[in-house]
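Undergrad: The chain contents come next:
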Amino acid sequence: MANFIIEFNRDLFNTISQHLEDNFPNEGCGFFLGKEGTPRVVTEVLPVVNSKEGDQRRRFEIAAIDYIKAEQYALTNGLNLLGIYHSHPNHPAIPSEHDRKQALPYFSYLILSIQNGKFAKATSWRLQETTQQFEEEIIHINKLKLT
Amino acid sequence: MSKIIIPTPLRKFTNQTATIQTNGTTVQAAIEELATKFPDLKQHLFDQSGTIRSFIRIFVGDDDIQSLEKEATKVSQHTIISIVPAIAGG
Chain A
1 MANFIIEFNR DLFNTISQHL EDNFPNEGCG FFLGKEGTPR VVTEVLPVVN SKEGDQRRRF
61 EIAAIDYIKA EQYALTNGLN LLGIYHSHPN HPAIPSEHDR KQALPYFSYL ILSIQNGKFA
121 KATSWRLQET TQQFEEEIIH INKLKLT
Chain B
1 MSKIIIPTPL RKFTNQTATI QTNGTTVQAA IEELATKFPD LKQHLFDQSG TIRSFIRIFV
61 GDDDIQSLEK EATKVSQHTI ISIVPAIAGG
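Protein chains in written order, with my numbering: chain A, 1 to 147; chain B, 1 to 90.
To be clear, the hints were calculated from the coordinates, so they are not data collected in a lab.
The beta carbon of each residue, even a glycine, is placed where N, CA and C say it ideally should be.
Any given hint could be a false lead.
As the list claims (entries may be wrong) - Computed spacing ranges between beta-carbons, pair by pair:
no. : chain 1 : residue 1 : chain 2 : residue 2 : range
1   : A       : Glu36     : B       : Asp47     : 25 to 31 Å
2   : A       : Ser96     : B       : Gln21     : 35 to 41 Å
3   : A       : Lys101    : B       : Thr17     : 27 to 33 Å
4   : B       : Lys37     : A       : Pro25     : 46 to 52 Å
Starting from the given sequences, assemble the full structure and let the hints guide the process.
TA: Spelled out as structure tokens, the structure:
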């Protein structure tokens with residue numbers, strides 16, 4: 001167990017949860033950037049459009065051009081692209097098999113459960129390259145562990 | 001000569017270097033030069049037949065090379081090549 005930690009301040013975390021509540025009942029998604037380290041510290045959030053064609057209540061996709069912009073923004077501003085967030089509308093904040101198969105090592109995958117339009121729970125995960133399984137990451141909000 | 005932006009998850013194979021200058025005059029040549037310089041990248045960029053992997057898209061500026069001349073797309077000194085992994089889930 002590596003005990004990964006990712007840290008948000010309350011305002012940034014609220015930006016994410018508000019974005020995902022606004023997208024309910026569809027899945028919403030976006031990027032977060034900041035400083036690599038132990039813990040990872042998020043300093044910026046980049047909400048993007050769910051570009052998935054078809055059922056956005058069960059799937060999300062980020063357009064290639066949005067990914068390129070996020071990488072370029074990180075480079076320009078001396079930040080690291082740390083991860084991706086998305087919502088599970090009316091489902092638990094547990095990664096699906098589809099999430100795992102699509103995941104890349106390195107990134108933090110933050111999942112928010114949105115129940116009836118309101119934020120309910122958040123978890124974060126990193127894919128382990130050797131096992132191709134997710135390992136849960138501890139979330140800190142204003143330096144306090146999110147439970 | 002073109003600049004390749006390495007996607008963050010692959011930077012551990014480039015000694016954490018984020019951008020690489022290459023001399024190739026096509027996308028294929030530039031990507032191959034990158035893989036020669038950082039051999040550990042090869043398996044993440046190309047399949048066994050040497051074709052760029054299906055879940056990776058290559059952009060020249062804002063354009064997907066699939067809408068241009070694919071791997072034969074010409075690049076110049078100011079071209080920015082982006083390697084874009086698929087980002088999706090459910």
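Undergrad: Against each hint, give a clear statement of whether it holds in the structure.
TA: Here's how the hints hold up against the structure:
The hint said 25 to 31 Å for the Cβ distance between A:Glu36 and B:Asp47, and at roughly 30 Å that hint holds. Under the hint 35 to 41 Å, the C-beta atoms of A:Ser96 and B:Gln21, about 40 Å apart, fit the expected range. Between A:Lys101 and B:Thr17 the beta carbons are some 28 Å apart, a value that agrees with the proposed interval 27 to 33 Å. Distance hint check: the CB atoms of B:Lys37 and A:Pro25 are about 47 Å apart, consistent with the given range 46 to 52 Å.
This entry satisfies every hint, going by the numbered hints stated previously.
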